[in-house]
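Note that the protein sequences, when read in sequence, are chains A and B.
FYI, the numbering for the first sequence is 107 to 395, going by our numbering.
FYI, the numbering for the second sequence is 477 to 796, going by our numbering.
Bear in mind the hints are in silico, worked out from the structure with no lab data behind them.
Treat the hints with care, since some could be wrong.
[To be verified] Calculated pairs, DSS-like style, for lysine-lysine (alpha carbon to alpha carbon, straight line, at most 30 Å): (1) B:580 <-> B:620; (2) B:676 <-> B:620; (3) B:676 <-> B:655; (4) B:676 <-> B:523; (5) B:580 <-> B:676; (6) A:390 <-> B:676; (7) A:275 <-> B:676; (8) A:390 <-> B:523; (9) B:655 <-> B:523; (10) B:523 <-> B:649; (11) B:676 <-> B:649; (12) B:649 <-> A:275.
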Amino acid sequence: MEQLLGFFLYLITVTCIFAMLAMSLDLQVGSCGLVNFGQVVFLCVGAYTTAIALDKGINPFLSVVLAMFVCTLVGLVLSLTVRNLSGTYWGILSLSLAEVVRLVMLNERWIADGANGLSVITTLPYFNVIVIGCTIFVYGLLRILVGSPFGRVIRMIREGDRLPQALGKNVLVFKMETMAIGGAIGGLAGALYAFLNSYISPDDCLPIETFIIWAMVILGGRGNVTGIILGTVIIQILFVGSRFLPNIVGIEPDTLSALRMVLIGALIMLVMMFRPEGALPERKRSYSI
Amino acid sequence: MPAVIALSPLGHNKTMNVAQVIFNSVITAAELGIIAIGLTLTFSILKFANFAHVETAVLGAYVAYVFNTTLDWNFTIAIIVAVLIMGFVGIVIDRGVFRIMRNKPDVTPMIASLGLAIAIRHGIQAIWGPQHVRFDFEIHQGLKLFGAFITRPQIGIIVIVVIAMIAFHVMLKFTRIGKAMRATATNPELAQACSIDTEKVVRFVWFIGTGFAALGGILFAWDTQLDPYLGFNLVIPVFCVVLIGGIGSVYGAIVGALIVGFAQNLGVALDFSFVLNGFGLFDFVDQVRLPVAYKPAIIYAAVILVLMFRPHGLAKREML
Numbered sequence: 107m108e109q110l111l112g113f114f115l116y117l118i119t120v121t122c123i124f125a126m127l128a129m130s131l132d133l134q135v136g137s138c139g140l141v142n143f144g145q146v147v148f149l150c151v152g153a154y155t156t157a158i159a160l161d162k163g164i165n166p167f168l169s170v171v172l173a174m175f176v177c178t179l180v181g182l183v184l185s186l187t188v189r190n191l192s193g194t195y196w197g198i199l200s201l202s203l204a205e206v207v208r209l210v211m212l213n214e215r216w217i218a219d220g221a222n223g224l225s226v227i228t229t230l231p232y233f234n235v236i237v238i239g240c241t242i243f244v245y246g247l248l249r250i251l252v253g254s255p256f257g258r259v260i261r262m263i264r265e266g267d268r269l270p271q272a273l274g275k276n277v278l279v280f281k282m283e284t285m286a287i288g289g290a291i292g293g294l295a296g297a298l299y300a301f302l303n304s305y306i307s308p309d310d311c312l313p314i315e316t317f318i319i320w321a322m323v324i325l326g327g328r329g330n331v332t333g334i335i336l337g338t339v340i341i342q343i344l345f346v347g348s349r350f351l352p353n354i355v356g357i358e359p360d361t362l363s364a365l366r367m368v369l370i371g372a373l374i375m376l377v378m379m380f381r382p383e384g385a386l387p388e389r390k391r392s393y394s395i
Numbered sequence: 477m478p479a480v481i482a483l484s485p486l487g488h489n490k491t492m493n494v495a496q497v498i499f500n501s502v503i504t505a506a507e508l509g510i511i512a513i514g515l516t517l518t519f520s521i522l523k524f525a526n527f528a529h530v531e532t533a534v535l536g537a538y539v540a541y542v543f544n545t546t547l548d549w550n551f552t553i554a555i556i557v558a559v560l561i562m563g564f565v566g567i568v569i570d571r572g573v574f575r576i577m578r579n580k581p582d583v584t585p586m587i588a589s590l591g592l593a594i595a596i597r598h599g600i601q602a603i604w605g606p607q608h609v610r611f612d613f614e615i616h617q618g619l620k621l622f623g624a625f626i627t628r629p630q631i632g633i634i635v636i637v638v639i640a641m642i643a644f645h646v647m648l649k650f651t652r653i654g655k656a657m658r659a660t661a662t663n664p665e666l667a668q669a670c671s672i673d674t675e676k677v678v679r680f681v682w683f684i685g686t687g688f689a690a691l692g693g694i695l696f697a698w699d700t701q702l703d704p705y706l707g708f709n710l711v712i713p714v715f716c717v718v719l720i721g722g723i724g725s726v727y728g729a730i731v732g733a734l735i736v737g738f739a740q741n742l743g744v745a746l747d748f749s750f751v752l753n754g755f756g757l758f759d760f761v762d763q764v765r766l767p768v769a770y771k772p773a774i775i776y777a778a779v780i781l782v783l784m785f786r787p788h789g790l791a792k793r794e795m796l
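Same shape as in the complex, but just chain A (with noise of 0.2 Å):
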């Protein structure tokens, strides 16, 4: 009994880091329509930034907040090369930096050991607790920032460039303000992760990891938080369900694992296909008298 509780409490914290990283991605492609295929990115630095500054003996608590600064640097670089590409052309390019970064990480072995990867040793107090209170903040803070001043304007930016610039708003300000936001939040998943699986290496950061979020933010509805939190729910149950079926089903784990891919390929296509505003979609508010 006891252990089927830990598990549980595993599955929990997993979903939130996810549901973070998740939450992340929608505020960049839901709220501000800037298509991010390097989301992972987040979730490489920040672990990494989290082992090494261990490694390094610093405080737990502070080598988080290290992570989530370093994390925000990231996403400042990630958007200042958004200034005047279209949304194809910047996807492939938060693609191929994310990529750059896992091969320096896969070949630099002074830096962080290679492909080896790093453990980590330390454990934080109440880890469970933390996860789940970040978690909950992050929904709480997105909830107000979409509903803000701010989440007005860059909802205007995702329909489009021409007015906000017509309003005076500076648009390459608005968008590195929420690639900043993205990555600290980001950051902070990353550095929870390489606590909760004590281990960080680039195969962590493989390019697959974003198409997974991605699916979480496509199913549960772009630009709606709660959505995000359902759609991460799902997509792990998913997971974790699928991983019981071979002793039920009698399939080869290889072939299972990439069967599970190809359900949720073909589920980001459905939903694409009858409903692409996912399961919650995004409320839209009128202002009609």
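Based on the hints, put chain B in the right spot on chain A.
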């Protein structure tokens, strides 16, 4: 990636084998270019980035593998049949998935193609397993040409790609369907008003695009080997080629492929010590070379550089 093995001994020599580097660059450019043409063609008509395109290339290679190895057909016939089958698969994909999102904003089909790409890649893995496979053809000794080692498949690849590109050019410029394609790419409404059946054009574009992708995938697998992760290694280089050339520009894609091919192979072959030595003024270091592991990163650097100065790639306008 192809040609890695052929190039790696160069990293230890003081002098660079110029002919070999040029040859490897052309091979890489040919293989990437043929896939990129299909991608940029579908983009110019359908106006979205098709992430599944590269995965259809890998699927095409596996279809050819089945005909060649499992059914024990002649290699040439297997290639032709696989390319034709994949062309029809392209039409089926369009009918099944992308037709109902014709008038949606471009992010919708782009994300759907992402889902399709994930499904195809892992579907391949589920069916054929994660291990490497090879086509069944006779292995001949490599040739030596101007001091460069060349395998016979590589000569075949260059010949096939050149023929395919000339055929494509002729089709685009001199046939009725080519004219209709260019008209639809430039202005769909006007094309429809001129009684061009744009749906027919779209079907044709899917056929050609996916067929070319399959051909490229087969050539890649012929040059090296085939595994389900080939698409993963190809997707960013192919998109970089398209981005550098300008999305939707077919001739830009050929130029982009050459740029990427040469940047990739020169990047690891060049001795960068002259930069650190102050261009010959000093003699700080003996030789500085990029590790071969950074070969993919060179492409990303190339695309970032091009996009910084020309945000829409090298082509002037977004058209065929």
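Structure-based check of each hint:
A threshold of 30 Å between alpha carbons decides the hint, and for residue 580 of chain B with residue 620 of chain B the separation of about 53 Å lies outside it, so the pair is violated. Using a Cα cut-off of 30 Å, the hinted pair residue 676 of chain B and residue 620 of chain B is violated, with the two alpha carbons roughly 47 Å apart. The straight-line distance between the Cα atoms of residue 676 of chain B and residue 655 of chain B is roughly 13 Å, inside the 30 Å bound, and the hint therefore holds. Of the supplied pair hints, the one linking residue 676 of chain B and residue 523 of chain B holds, its CA atoms being roughly 16 Å apart against a limit of 30 Å.
Restraint check: the Cα-Cα separation between residue 580 of chain B and residue 676 of chain B comes to about 19 Å, which is no more than 30 Å; the hinted pair holds. Annotation: proposed proximity of residue 390 of chain A to residue 676 of chain B is violated, straight-line Cα distance about 38 Å (limit 30 Å). Taken as a hint, the residue 275 of chain A and residue 676 of chain B pair is broken in the structure, with Cα atoms around 44 Å apart against an allowance of 30 Å. About 27 Å separates the Cα atoms of residue 390 of chain A and residue 523 of chain B, which keeps this hinted pair within 30 Å; it holds.
Between residue 655 of chain B and residue 523 of chain B the alpha-carbon distance is near 18 Å, which keeps this suggested pair within the 30 Å criterion. Of the pairs offered as hints, the one joining residue 523 of chain B and residue 649 of chain B holds, with about 21 Å between alpha carbons and a cut-off of 30 Å not exceeded. For the given pair, residue 676 of chain B sits about 18 Å from residue 649 of chain B by alpha-carbon distance, which is consistent with the 30 Å threshold. The straight-line distance between the Cα atoms of residue 649 of chain B and residue 275 of chain A is roughly 46 Å, outside the 30 Å bound, and the hint therefore fails.
Violated hints for the displayed structure, listed by number in ascending order: 1, 2, 6, 7 and 12.
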